[in-house]
Amino acid sequence: MIYYLCFVVFLIGLYGACCKKNIVKIILGLSIMEYSVNLFFILLGYRKEGIAPILDRSMEINDFVTKAVDPIPQALVLTSIVIGLGVLSLMVAIAIRLYERYRTFDITEMKKLKG
Amino acid sequence: MTNLSLFVAIPLGMAFFIPMVSRKIKWFPDIFGNLTTFLLLLLSLKTIGTETTYQMGNWSAPFGIVLVLDGLSCLLLIIINLIGFMATLFSVEYIGKLYTSKLRYYSLFLLMIAGMNGLVLTGDLFNLFVFMEIAAISSYGLVGFGCQAKELEASFKYLVMGSIGSSFVLFAIALIYGRTGTLNMADIARVIHIMPFDNLIYFSFVLLLVGFLIKAAIVPFHSWLPDAHPSAPAPISAMLSGVVIKTLGIYVITRMTYNIFGFNNLISNILIYSGVISMIIGVIMALIQWDFKRLLAYHSISQMGYVIVGLGLGTPLGILGGLFHLFNHSLFKSLLFLDSGSIEYETGTRDLNKMGNLVKKMPVTSFSTLIGSLSISGIPPFNGFWSKLIIILAAVEVGRPIIALWAVIGSILTLSSFSKVQRYAFFGKGEKFEKEKWENYKEVPSLMQVPLLILSILCIVGGFLAVEGTNGIFAPVIKVLTGGVLPYIAKVLRF
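Quick note, the sequences are listed as chains A and B, same order.
Numbering of the first sequence is given in this note's numbering, commencing with residue 1 and proceeding in unit increments.
Numbering of the second sequence is given in this note's numbering, commencing with residue 1001 and proceeding in unit increments.
A few of these clues could be false.
[Stated by the list, open to error] Heads up, simulated DSBU-like pairs for lysine-lysine below, C-alpha to C-alpha not over 30 Å straight-line:
# : chain 1 : residue 1 : chain 2 : residue 2
1 : B       : 1150      : B       : 1437
2 : A       : 112       : B       : 1435
3 : A       : 25        : B       : 1046
4 : B       : 1360      : A       : 112
5 : B       : 1097      : B       : 1437
[As the list claims (entries may be wrong)] Which bits of chain A does chain B cover? Going by a derived footprint, with three or more residues having C-beta under 8 Å, they are:
# : region
6 : 33 to 41
7 : 46 to 54
8 : 75 to 88
9 : 97 to 110
[What the hints assert, rightly or not] Here are some chain A residues pointing at chain B (derived, C-beta under 7 Å):
#  : residue
10 : 91
11 : 94
12 : 113
Because the hints were derived from the structure by calculation, they are not lab data.
Small disclaimer: the values here were computed from a predicted structure and weren't measured.
Ideal Cβ positions, reconstructed from N, Cα and C, are used throughout, including at glycine.
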């Protein structure tokens, strides 16, 4: 059930990126899309009453494997958050310079390239 | 036996080393940027005919990240590094005159090459996503490199559409990981073919396909390309159009459909229909353009349609046609974009109406543009003719002659579009031709002429690569792709 909700958040982000006219709202829509995918990834690794995937000296290894949550999605999400940060900083930098050139944040005003 | 991680490590290291050193030493970025790409070109030529894997950190296949080199990766490595070397040779003078910051340019450029090299070599799905993002983010920055209004608008458009595509891909990777429990591409292939194909696998395949078709600029996902390619500096346009849409788009789609998910009738039809639509719409939109680089960008969409049709046909002849056209297109399209760069260097404009009679003042540029135009239109004996002929023959062989008819129509319209370029820019006069400025034009500096001449010679000779026999480079590629899923699994998971 929660996985469908993650997809709904993804679609909300997609709506924001496609149908909004303000550049800042487009950037927010793209960020929401990326967050929803990260959330989906983390939820994949969940296990009911699981423990953190850190191996103690005192723990039996089979016991650990049956109880721990999956560590791979956590590693993937770390990478993905950093990539999202890079893209976000580039987007905001371009948006600031676009405001300096066009004097507006409205994308319907930025029509110099057409045809 | 080349260490495969060098292809990623060398440009990545130089990309961070160049800005550190070159604030004091002014000549450093040029010389070391060119040396890096030349070294990568030699390394990639050394890998022809070998098939190796390399385990990062000595973790073996399903647990760690593996770099896989087979025939398809070898072909794309050669394309990436050859066009990269030509573009860096061209950039020495071009960026010096028209843009400001050479060290940032070389740094982003080498990052882009590192990302693309890593993408074609990797055998792990999430690693593919990471390298795709490295290459894509560097290209978003490079498109908006001259920070004028039009370039920033184009860069933002490209950024938004590229990020939407990447989010689709990441969602699909999450779904595939959730279903199969592994990220290694060969292992995913093995698990998918044990379990029945249910809706989840279809859904994730559709998301992957859409994400990568956005990167490959196939109609209906192409709308970022006609804005992004003209706005970039000319060597970056050559790289974007000649390499990036091929590795980020076509290579990954090929790897997904042939080696992981398995090729069947449904995928074949999807690729063929989207390819034919791209062919025709691209070339029709190109007929009405007066901006030289925008015209070339629309032709890129059209030629990518040819490649997708060739790959979608599925027979060995079709695959040969599609991949040979990929190779040829990177040669002549980057040649044409570098030509447009040299025209822009000399005349300061991209508008075909303002140019005229350039054959008298710029002979080398005119010669190479003529060769590029004849190659892209498919005139014998240049290389475009052979690859288009193979695609048309493959379409007829499968029993779908309508595709061949559309390919021929596209080729005729391409020829007419480039006749327009030749008439307005080189052998005749545009409507707004300015004679006083024309008197002062001279040929571009000789370092910029070198890549133009090398690419022209490769266009002339490249046709004979197919006639000679497809051994060496193309036969291993066809073997990899027609083998399908099982040989790929066997090769990677052997370790």
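Against the structure, the hints come out as follows:
1. 1150/B / 1437/B: Within the cut-off at roughly 25 Å; holds.
2. 112/A / 1435/B: Judged against 30 Å, a Cα distance of about 28 Å means the pair holds.
3. 25/A / 1046/B: Measuring from Cα to Cα gives roughly 49 Å; hence the hint is violated.
4. 1360/B / 112/A: With a Cα-Cα distance of about 33 Å, the restraint between residue 1360/B and residue 112/A is violated, given a limit of 30 Å.
5. 1097/B / 1437/B: Status holds; Cα separation ~18 Å.
6. 33 to 41: Our answer is that it holds, as 5 residues pass the Cβ test (under 8 Å) against chain B, meeting three.
7. 46 to 54: violated (count 0)
8. 75 to 88: holds (count 6)
9. 97 to 110: Check passed, 5 qualifying residues.
10. 91: Hint holds; residue 91/A Cβ to chain B Cβ min 6 Å, cut 7 Å.
11. 94: holds (5 Å)
12. 113: holds (5 Å)
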